[in-house]
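Residue numbers (the numbering used here), protein chains in the order written: chain A, 1 to 176; chain B, 1 to 176.
Don't read these hints as lab results, they were simulated from the structure. Please note that the accuracy of each hint is not assured.
One copy or two, it doesn't matter: identical chains are merged, so the pair holds either way.
Said to hold, decoys possible - Using 27 Å as the maximum straight-line C-alpha spacing, the simulated DSSO-like pairs for lysine-lysine come out as follows:
(1) K11 to K56
(2) K124 to K81
(3) K102 to K11
(4) K132 to K11
(5) K136 to K18
(6) K81 to K132
(7) K84 to K56
(8) K11 to K124
(9) K124 to K173
(10) K102 to K173
(11) K136 to K56
(12) K84 to K132
(13) K90 to K52
(14) K81 to K20
(15) K56 to K173
(16) K20 to K56
There are 2 protein chains.
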Amino acid sequence: MDKPVNKSHPKATSAEEKAKQHLISVGLYGRSVSIISNAFRLTSIIRSYAEKHVFKEFNLSFSGFVVMWVLWVWGDLETAKLAKNAGIAKSTLTGILITLEKHGYCQRLAHPNDARRVVVHINKAGEELMEKVFSKYHEIEDVAVSDLTSDEFETTIDSLRTMLHTMEEFNNKGNS
Amino acid sequence: MDKPVNKSHPKATSAEEKAKQHLISVGLYGRSVSIISNAFRLTSIIRSYAEKHVFKEFNLSFSGFVVMWVLWVWGDLETAKLAKNAGIAKSTLTGILITLEKHGYCQRLAHPNDARRVVVHINKAGEELMEKVFSKYHEIEDVAVSDLTSDEFETTIDSLRTMLHTMEEFNNKGNS
DNA sequence: ATATAATCATTCGTACCCAAACGAAATATA
DNA sequence: TATATTTCGTTTGGGTACGAATGATTATAT
Numbered sequence: 001m002d003k004p005v006n007k008s009h010p011k012a013t014s015a016e017e018k019a020k021q022h023l024i025s026v027g028l029y030g031r032s033v034s035i036i037s038n039a040f041r042l043t044s045i046i047r048s049y050a051e052k053h054v055f056k057e058f059n060l061s062f063s064g065f066v067v068m069w070v071l072w073v074w075g076d077l078e079t080a081k082l083a084k085n086a087g088i089a090k091s092t093l094t095g096i097l098i099t100l101e102k103h104g105y106c107q108r109l110a111h112p113n114d115a116r117r118v119v120v121h122i123n124k125a126g127e128e129l130m131e132k133v134f135s136k137y138h139e140i141e142d143v144a145v146s147d148l149t150s151d152e153f154e155t156t157i158d159s160l161r162t163m164l165h166t167m168e169e170f171n172n173k174g175n176s
Numbered sequence: 001m002d003k004p005v006n007k008s009h010p011k012a013t014s015a016e017e018k019a020k021q022h023l024i025s026v027g028l029y030g031r032s033v034s035i036i037s038n039a040f041r042l043t044s045i046i047r048s049y050a051e052k053h054v055f056k057e058f059n060l061s062f063s064g065f066v067v068m069w070v071l072w073v074w075g076d077l078e079t080a081k082l083a084k085n086a087g088i089a090k091s092t093l094t095g096i097l098i099t100l101e102k103h104g105y106c107q108r109l110a111h112p113n114d115a116r117r118v119v120v121h122i123n124k125a126g127e128e129l130m131e132k133v134f135s136k137y138h139e140i141e142d143v144a145v146s147d148l149t150s151d152e153f154e155t156t157i158d159s160l161r162t163m164l165h166t167m168e169e170f171n172n173k174g175n176s
């Protein structure tokens, strides 16, 4: 799967190079641009590809997939935790759950002790869905990393975890 | 800015570990999950942080920022190219341009030779906006990479470029 | 020259997305 | 035991987000 260690550096896309030149001209260029904006470009492409070639046939949006993914991994969850883990606002979740329930993938249940709360339960159809959809989606992930060397692969896993950790802490400081 | 070379491997978040265990239990775990889903989590956090702490005060959505960014870097552009470079559908761009024009950041001009086409021009107010907004946004990018070692930094730039290139080619094969 | 086809941006319908306002229910205070 | 206060999910309103249909304009064929 992984390539051997020696490899030349990949060239920047024309968009990346154009942006760099412009930023230099206005005195705002910094190297972190190359990491973060390429991360955005990459996730954007993977997302739209998955939406078109995997999720569409199951009447699933990307966010619908993420919500189902969280339910699949964590099991029954209250809406507040579900929204947080899925990275969306709880008001957004309401609409997504309506869509998911319509297709029978999950259902809202009353909380046994607290009539304000709602527990979301993944249905049998939802579990069967996720086994099919995730394995198809995962094929795309495998394609995305298929040209990385072993060293790049391992280092990039570490880097993304580190950046994620840094931003989560940075984010929490502003909300406390 | 960059850290020295020696560093321990960062731990996976509880969400990543939980997901891994579940995927192993259903026989669907692959290592690429750790890269791509963490990339999604990272960009999602950066995006929402920037929306809340940078873009909001300028009446700018994330997509509005990206559209302005493309105009800023490339100069006047026809709508089709603008949408493609911004990574959104043409029909989406129409609504975003209405919002951006309302705030005076850009304007639509008639194409000199072809009455069907529309050229989007960045206004003076738009350029001044971008110098302010981009430098603030860029501070977030710098925070995100601030805990990477020099080696991680350089390798991750290469990895992201390679993955981007792989996915762009993969994407083009399906559309030809 | 006139009909047909290709090519534009926009509109439409449906779904997502958030913050703020809302109403119901649980808890704290008196 | 009233009555605030807090804590829930949902609704609302403005703004994306997409594919498909639309209508206007240009290019091409006959």
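Tested hints:
| no. | hint | verdict |
| --- | --- | --- |
| 1 | K11 to K56 | neither (33 Å within a copy, 34 Å between copies) |
| 2 | K124 to K81 | within (21 Å within a copy, 44 Å between copies) |
| 3 | K102 to K11 | neither (46 Å within a copy, 38 Å between copies) |
| 4 | K132 to K11 | neither (36 Å within a copy, 29 Å between copies) |
| 5 | K136 to K18 | between (35 Å within a copy, 20 Å between copies) |
| 6 | K81 to K132 | within (25 Å within a copy, 36 Å between copies) |
| 7 | K84 to K56 | both (24 Å within a copy, 21 Å between copies) |
| 8 | K11 to K124 | neither (47 Å within a copy, 33 Å between copies) |
| 9 | K124 to K173 | neither (40 Å within a copy, 35 Å between copies) |
| 10 | K102 to K173 | neither (39 Å within a copy, 34 Å between copies) |
| 11 | K136 to K56 | within (12 Å within a copy, 37 Å between copies) |
| 12 | K84 to K132 | within (25 Å within a copy, 31 Å between copies) |
| 13 | K90 to K52 | both (26 Å within a copy, 16 Å between copies) |
| 14 | K81 to K20 | between (40 Å within a copy, 19 Å between copies) |
| 15 | K56 to K173 | between (38 Å within a copy, 19 Å between copies) |
| 16 | K20 to K56 | between (36 Å within a copy, 25 Å between copies) |
Going through the hint list in order, the structure does not satisfy hints 1, 3, 4, 8, 9 and 10.
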